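Visitor: Residue strings, one per chain:
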Amino acid sequence: MVDQLPNLGREDEMLKAMGLQDMEDLFSDIPDEVRFKGPLPLRPPQSEEEILSDARRILGANISMGSRTSFLGAGLYRNYIPASVFQLVTRGEFLTAYTPYQPEVSQGMLQAMWEFQSLISELVGLPIANLSLYDGSTAAAEALTCAVRVHSRKASQPNTVYVSSLTSPDKMSVMENYCQGAEITIKTLKHNADGTLNLDSLKTAAGSCGVYLEQPNPLGVLDEGLTKTKEIIGEHTALIVGVQPVSLGMVEAPGHYGADIVVGEGQPLGSPVTAGGPLYGIFACSKPYLRLMPGRIVGRSVDVDGKEAYCLTLSTREQHIRRHRATSNICTNETLIALMGAMHMALLGPDGLHDLAYRNAAACQKAKEVLVETPGVRIVHDAPHFNEFAIEIEGSAEACLAYLDDNGIIGGFDLGRWYPSITNQILITTTDQTTQQDIEALSAQLSMWTSHQGVSA
Amino acid sequence: MVDQLPNLGREDEMLKAMGLQDMEDLFSDIPDEVRFKGPLPLRPPQSEEEILSDARRILGANISMGSRTSFLGAGLYRNYIPASVFQLVTRGEFLTAYTPYQPEVSQGMLQAMWEFQSLISELVGLPIANLSLYDGSTAAAEALTCAVRVHSRKASQPNTVYVSSLTSPDKMSVMENYCQGAEITIKTLKHNADGTLNLDSLKTAAGSCGVYLEQPNPLGVLDEGLTKTKEIIGEHTALIVGVQPVSLGMVEAPGHYGADIVVGEGQPLGSPVTAGGPLYGIFACSKPYLRLMPGRIVGRSVDVDGKEAYCLTLSTREQHIRRHRATSNICTNETLIALMGAMHMALLGPDGLHDLAYRNAAACQKAKEVLVETPGVRIVHDAPHFNEFAIEIEGSAEACLAYLDDNGIIGGFDLGRWYPSITNQILITTTDQTTQQDIEALSAQLSMWTSHQGVSA
Amino acid sequence: MSHLFNHNGAPNTGYSQPPSIETATKPSIPKGLVRRQRARWPRLSEPEMVRHYTWLSKRNFGIDTGFYPLGSCTMKHNPRVNEVIAQLPGIADIHPHQPEHHLQGLLSIYYEMQHMLEVCAGMDQVTLQPVAGAQGEFTAVRCIQEYFRLKGDTKRTKVIVPDSAHGTNPASAAMAGFEIVEIPSRVDGRIDLDALRAVADETTAAMMITNPNTLGLFEADISEASKIVHDAGGQMYYDGANFNAILGITSPGLMGFDAVHFNLHKTFSQPHGGGGPGSGPIGVKAHLAEFLPGPLADRRTPTAGEQSTAVDEFWYHWREPVHSIGKVQQWHGNAGAVIRCWAYYRRYGSGLTTMSEHAVLNANYLRYAIHKAAREEGVDHLFVDGAETDVAKHEFTLSMQPAKEQFGISAMDVAKGLLDRGYMAPTVYFPLVVPECMMIEPTETESKDTLDTFAQHFAEVLKVDAETLHAAPTTTPVRRVDEVYAARNLCLRHPFDE
Amino acid sequence: MSHLFNHNGAPNTGYSQPPSIETATKPSIPKGLVRRQRARWPRLSEPEMVRHYTWLSKRNFGIDTGFYPLGSCTMKHNPRVNEVIAQLPGIADIHPHQPEHHLQGLLSIYYEMQHMLEVCAGMDQVTLQPVAGAQGEFTAVRCIQEYFRLKGDTKRTKVIVPDSAHGTNPASAAMAGFEIVEIPSRVDGRIDLDALRAVADETTAAMMITNPNTLGLFEADISEASKIVHDAGGQMYYDGANFNAILGITSPGLMGFDAVHFNLHKTFSQPHGGGGPGSGPIGVKAHLAEFLPGPLADRRTPTAGEQSTAVDEFWYHWREPVHSIGKVQQWHGNAGAVIRCWAYYRRYGSGLTTMSEHAVLNANYLRYAIHKAAREEGVDHLFVDGAETDVAKHEFTLSMQPAKEQFGISAMDVAKGLLDRGYMAPTVYFPLVVPECMMIEPTETESKDTLDTFAQHFAEVLKVDAETLHAAPTTTPVRRVDEVYAARNLCLRHPFDE
Ligand SMILES: Cc1ncc(COP(=O)(O)O)c(C=O)c1O
Ligand SMILES: Cc1ncc(COP(=O)(O)O)c(C=O)c1O
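Residue numbers (this note's numbering), protein chains in the order written: chain A, 290 to 746; chain B, 290 to 746; chain C, -4 to 493; chain D, -4 to 493.
What the hints contain is simulated information worked out from the structure, not anything from laboratory work. Computed from a prediction, not measured in an experiment: that's the story for all the values here. Virtual Cβ for every residue (Gly too), placed ideally from N, Cα, C. Among these hints, one or two may not hold up.
[Said to hold, decoys possible] BS3-like cross-link-like pairs, simulated, lysine-lysine; straight-line CA separation at most 25 angstroms:
(1) D:26 with B:492
(2) D:26 with B:517
(3) A:492 with C:26
[What the hints assert, rightly or not] Reference excerpt, derived from the structure (chain D facing chain A, CB under 10 angstroms, subset only):
(4) 9
(5) 10
(6) 38
(7) 76
Pulled out of the complex, with its shape left as it was, chain A reads as follows:
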């Protein structure tokens, strides 16, 4: 800690200059009854070397996905981040800056974020994007409250939104927390046996404030029906689509089939999984939502010499100006992770994004081709998939995953954790990092598992 405190040992000199005797004088304003007695009951300070060696030891007790064969995704996707992204984003000028409140010395981050907005806008097919929310779940939740702010007055189902029943309960829980303060009712939409949205169910949502759907859906299904949803719910109900951004290298941008708001977990573009955070939430929308949307936005402007310059804009929506009437309470967001996203996008370019999407899609396709031939494994949805798909196996999913784990494979996600009535389904996730050998190893172990089940049955 000595190395972090430049004035250690100069206390007396400084105190004396101020006319004070000792450090205690600086705390004379704190009543004695609230003073801590004695030193903090915490461990002694460590040096950099000790911290690093403890970190290696302790974090070494975690099992990283890369040290196993992994098929775990369910909302987070293991991908490769080009080396230049890390090296540039850790430049001190980016890393150690605060929110760009002084635009004259923050043009770098401001321009980068304006470019981020442009990249996202173009990716999802909508004219406006903010410069990040916390993650995909809060972005979805804020989209719902935003939709209600915009539509509730004219809605026949005021303060009501509809959400796909497949939505993961964790995300659902975030939505509920964000919606309950505004007294918003969240209703759910049904799905067909093939995993696609039940369009009859969707009709009930007409006249509500907004509908939240995902493409691909939480089970990896690409649902062509979503292109018809806006028509069904009508102009005065916001169509909110949650996306896996990489898929948009091959899959149509929701803004091009009627989405009013597009949200998503930005992580697969630019960020490692990092135990689920920091991530960044994508939030884009069409013009009618602009002034009621959450989050920070950069605008292009000019300086007093007429030179191109960037600054934060439309801040009157935000908490530091509008306080309790703000469109959101967000202040610190995920700028640096969004910057990593921008760098990754800039490197990929249109064709690179397509290639990346294709690699993800090909791995998924391969996994389906192999698992469909694997004894005892059934692919639940006969549908096109992106990144992931559900399989049904013999016996319990939980036991099967434990078996795979014993054999060095992180086998996917037990769908019983989302949908308690289901006990024998696993969500298998592949990404650009999945290899053919990975898939073959999974298939081999799954058929072993099946054969064991046969024995015990």
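Using the hints provided, position chains B, C and D with the ligands relative to the given structure of chain A.
Guide: Only chains B, C and D with the ligands this time, still in chain A's reference frame:
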């Protein structure tokens, strides 16, 4: 490779502008008989992901010192480099710059190197330091030729230098290669049984051009006698001392006991071992050597506005000006590694350097305390040591090291590789990274070894 | 100028990928879902991309660039080893849904951080899930809300907030569905107990307050305030943005608070990253603990089978609070930030007290040095303290009102003048209770020399005439930016060919 | 200005260390050797150190900052993944004295690199030991020297060097003890065969030459030159600094050379690091192979016990050449640089040919673009080609002699004018055979847009009047630096209190 070539696909456009038809036209000046026929017989291009994964696999086949308990040193010392050093030195402005030939846009590196010179100068106790030679061995070699250039005319033993007979043969070989062109004879100096320099032997060196000695010496011995050497060899013979720079946190700077030139392997300050390179050679000297010394030097100057500014100076010694009469052929040196050294030194400060030296010394002391009690192990030199010391063991050093290796210990350096007549001595190196457990493990395995020897004897 | 979208030379991509897995049939996208036109993204080679972002970075100011006395933001040095640690595969490449025996390291660090924050704050249970201070506030008021709901105390629909509070306080409480009751501060910036008494009643769910307050002053009456709110049946919420001033000296628990959020990105040096990510854990007293979002990290003596992957003598596991409000982020919060802050904590340990002492020392010294330099330069009549006080805590405020009145020099003018001298400007116009406010927080990682020099420069800026200052900054990458133009002529993305 | 030595505030250290090992007796330094006074180094905390070097870096220009057309230096983009690879513990934390079975990865990469360079250069054996181009030269001429000595051919004491050669060529040969015979170039910059014939004789040990030469021109007569030297019994040495122009197109082997050095830090993108480190392997024909410094990496079919640590089907091992000259660096050369260059090689593989083609394409295009822009701006009378040629190779020269004569505008003036426009200046005054020379090498990693813009700026600089250009640069961290002052008032280190 596509991602590295911005004009791939624009060749035609560019050729057309120039009035050329195809790429072949650019090579019309190369006679057919020297043209390669067919494509280069090399492997196909790889993507970043493939290269990184191959690198991890191939370099993973190396056994890093940190993955074992290691006592290998013998000129290179495993140390901890603070994290900030790596993060700052890889900033693109440092990493991707060339030699600062245009001072106006190279002030950063020039000032950093001027500061490096200042740090080294103060460390070794001499007024002048250059901004790095290739490594410790070439620095020593160039010191010898420099000494001859300075002293040969007045020397009673012209073109003759004396070198400690303990000098490692690899370093010796470098010296011989560098000296033979100038027809310099290298003679050797004897040592006493306790590892110290034989001062009678030294007397033969009086009247020669220079004497090269190391402190600590190649067997880790701190030799107080060196403080008397300058007196013995006299004013017109250069005293060249090779140092382990970290030791100078506790050990007197050679410039303060008469050294005319101080050289050394800079590696322990700022650089990992990296299989023996890149390293950086320290070269410092007193005034009389200045105009005949090798390597680049930065001077503090002013710009046309009188503002403080830095630039390369005294270039007339160098090959790009003086060509075959240059004091050295060095051009590309080790600036970036020297910069790492400067950063490490700046972080340490006077007290930090002392602490680092103390940690090294304490580890060495502890190893001696433990090994002196270990059955079958004898410490060869009854002398004070820094970093390393020779032990004698039962049986052959080679077999003993193989035995230790089988038990997960990189046990040190077989001194038979330097001094072929010795078969049962090992150089044991400790650094600030050596732990008490490491030392205990070594001791335990050495006593096991001894007991095995007993059995087979 | 380098414009990302002007790069369209590279015909292919700046990042070549390995070939995809071979499949028997091509991966198919349903016909109606095939993307018709590729995103009109720019095309850069890696060299162009590296140069573009290097160039941008050089137009940005961070702590690494220079002194960053931004009040309320605790812009302390970010130790570099923390970045190394956060990129270890044991954190960067783990998935929150992995089973507990895969995550013993993460769980143990979560446990350690929960415990440390509990100790420092005097709280009974901490959760690390909220990813920023504002989300922490929201989470805590949600817990308070559910606490009262479970008690059947449904009348408590109001949250009291002093007018000097940060905007997130009222915004978060409002988001949770509370009505906001703003109470004025006293002229010296401190809490007005009478005003509080006047509003605290059976409708009060909570009072939100920070201490030291946003003027950098310690609220000596805090125990009394707690008593008033508690007597009215409400809860006391502590905004921990100013926690850097008090570690090991006092704690929200000692002051009577029931809930607190931490801005780890302030106090525990997760780098701010130009606006985020952050980490906003909250701590609560026992009566609120079972309302926290889950999961929490917990530990127990391991059973035989478990010992193999344990990091120490304990077995770590997740635990779901009984009455949990559910989740505020889909996973376990910003784990990567928590790890950095853990590394930061380890560097100080029980020495966190010294850290806070130095933060306060530096703030008071800078306040002294600015006044001294101003006197020496004869410009001390141009500003006054934002609040009268003998000692400040980790930050202090100055009011430029005299300069404004006498010469038309605003706080913003002074801020821009400081930019020209190579500093980040202090926070301006916050808190609103101080006219022409400049809020200055040096943090403990600045040297006395830096503080002395800054004080001198501050005084020098005040010697500059108004006209020149209105025109400042002149040495920055751009000059004063027209924010009104930006709002009137919205250009929020690259216009393409529109 | 931030001065390292002005930092003396931090009372202790900027890097706190763990406690040392406990010993029974204190580690002792002999009394006469105890350091009496600690080094008067500055005292910085980590925050101050980070800020200091960040500040310095911002006063430095690298490829990442902007276009760097420094002739003869091949300032291409340094791919970032290479830095990640070079820091893997499998390279950063290995010791050259570890046994072979600990270093199979290193050995296999050395083997692969030796082989690749042999293929590209048409040589029979490569060593990776020399750490820079100049050391490669020295090593190779030493091998030639020993080769003749072993043959008993003791009269060969001279090395022929064209006057356009890089300074290291004569310096290296002289260091090895050779006498230098300089021969003039022809007016078009190319080799003068008659001059060569006049000096090549039984005293000739070698001729050193680069091709394309330092004017960027391919020496079409190279085979004839080789023949002349070989006929005289001498050896042909190829300075590989310009290798970037010819990979997969021609090779030193095809041109008749016996030995060659490579500047891996140029052709294979080891970052230049402000002056180093480099890597200067050499390749030789079979008759010189056994003179190379050892060890070399070799491989064979593994025996049973060896297979476990092998990286592929081979067992890798070191080999000592029979007549080795010994060592030129104490270990195995700059292994860290070799690894980066290996990563670079892997990116192109057989596509290295395309890399060279693009280097040549870019050089010719830039030459064309500069002439075109100069014509359009009416300044084409101010310079001429350094040598007349239809096509250049990877670089080209311009002579500013007309500008100098007409307006007193020197090559240096133009260089400084370019600095003001955000570029690194081309190499100036080298080679000496071209008066007022500017030597321009764009490399293959620059986009057409960058080349076009640079050409335009080049022309614009030439439109500036002489007086203004003499005063350039004005926008750089400092203005024109007084190099004479520096040499006359030597200040080579911090003066302390002297
Ligand atoms: C006093 C205060 N409270 C709350 C916050 C909100 O914290 P965050 O930005 O982490 O959401 C801030 C941040 O600026 C603050 O200064
Ligand atoms: C033509 C030529 N030869 C030789 C060298 C020397 O190479 P190095 O700097 O690697 O020692 C250079 C380097 O600038 C060069 O340009």
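Visitor: For every hint, state whether the structure bears it out.
Guide: Now the hints, each set against the structure:
1. D:26 with B:492: The hint holds at about 24 angstroms.
2. D:26 with B:517: OK: residue 26 of chain D and residue 517 of chain B at ~14 angstroms, within 25 angstroms.
3. A:492 with C:26: Satisfied, since the Cα-Cα distance of roughly 24 angstroms is no more than 25 angstroms.
4. 9: holds, 5 angstroms
5. 10: The hint holds - residue 10 of chain D has a Cβ within 10 angstroms of chain A, the shortest such distance being about 5 angstroms.
6. 38: holds, 9 angstroms
7. 76: holds, 4 angstroms
Hint violations for this structure: none, all hints satisfied.
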